[in-house]
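Residues 0 to 118 in numbering that gives the first Met the number 0 are what the sequence shown spells out, letter by letter.
Since the hints were derived computationally from the structure, they do not count as laboratory data. Among these hints, one or two may not hold up.
Claimed, not checked - The calculated label-pair distances, taken between Cβ atoms and stated as ranges, are: (1) D4 - T105: 37 to 47 Å; (2) N80 - A101: 34 to 44 Å; (3) S44 - E71: 40 to 50 Å; (4) W98 - E12: 32 to 42 Å; (5) N75 - S46: 18 to 28 Å; (6) A101 - G42: 35 to 45 Å; (7) S65 - M13: 22 to 32 Å; (8) R109 - S46: 33 to 43 Å; (9) S107 - M13: 42 to 52 Å; (10) Q35 - S107: 47 to 57 Å; (11) C108 - K78: 47 to 57 Å; (12) S46 - A101: 22 to 32 Å.
Being a predicted model, the structure only gives us computed values, none of them experimental. From the three backbone atoms N, C-alpha and C, an ideal C-beta is built for every residue, glycine too.
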Amino acid sequence: MNMSDVEMRHIAEMVAALGKADGKRTATTAGELNRQQICAALGVSESTIRRLEQAGLPYTPVGARSKRYDLEECKNWLKENNQCPSGTTKKAGSTSASWSMAKEFTESCRKAQLRVMPS
0 MNMSDVEMRH IAEMVAALGK ADGKRTATTA GELNRQQICA ALGVSESTIR RLEQAGLPYT
60 PVGARSKRYD LEECKNWLKE NNQCPSGTTK KAGSTSASWS MAKEFTESCR KAQLRVMPS
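With the sequences and hints as input, model every part of the structure.
Here it is, written out as structure tokens:
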């Protein structure tokens, strides 16, 4: 569940763009934001926010399941932690290798079925 370098660079660029904005703060960007609001403010998806939480994105638990995010804290955290530990995720094997294994398994099942079921 690690983020790619491209995703991290995109988030860092979005945070930098937010920091360079004219300084006007709206009601949705001030104070504590819920997950949907922080997603909109940073321009990322909810699944990205969940991955960032697992990586250490600061938030405040509210109740049993809700969380609130401080936009400035999140922006600072993203600036400090913009490096992704690349190479730690396992990449899937080639598709052709997967298909050949599936085909081999299917053929072995058919042979076993032919042995069991007399014709």
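A quick look at each hint next to the structure:
1. D4 - T105: 37 to 47 Å: holds (38 Å)
2. N80 - A101: 34 to 44 Å: holds (39 Å)
3. S44 - E71: 40 to 50 Å: Once the Cβ atoms are compared, 21 Å apart, the range 40 to 50 Å for E71 and S44 is violated.
4. W98 - E12: 32 to 42 Å: holds (38 Å)
5. N75 - S46: 18 to 28 Å: Check passed, 22 Å falls within 18 to 28 Å.
6. A101 - G42: 35 to 45 Å: holds (39 Å)
7. S65 - M13: 22 to 32 Å: holds (24 Å)
8. R109 - S46: 33 to 43 Å: holds (39 Å)
9. S107 - M13: 42 to 52 Å: holds (50 Å)
10. Q35 - S107: 47 to 57 Å: Holds, at about 49 Å.
11. C108 - K78: 47 to 57 Å: holds (54 Å)
12. S46 - A101: 22 to 32 Å: holds (28 Å)
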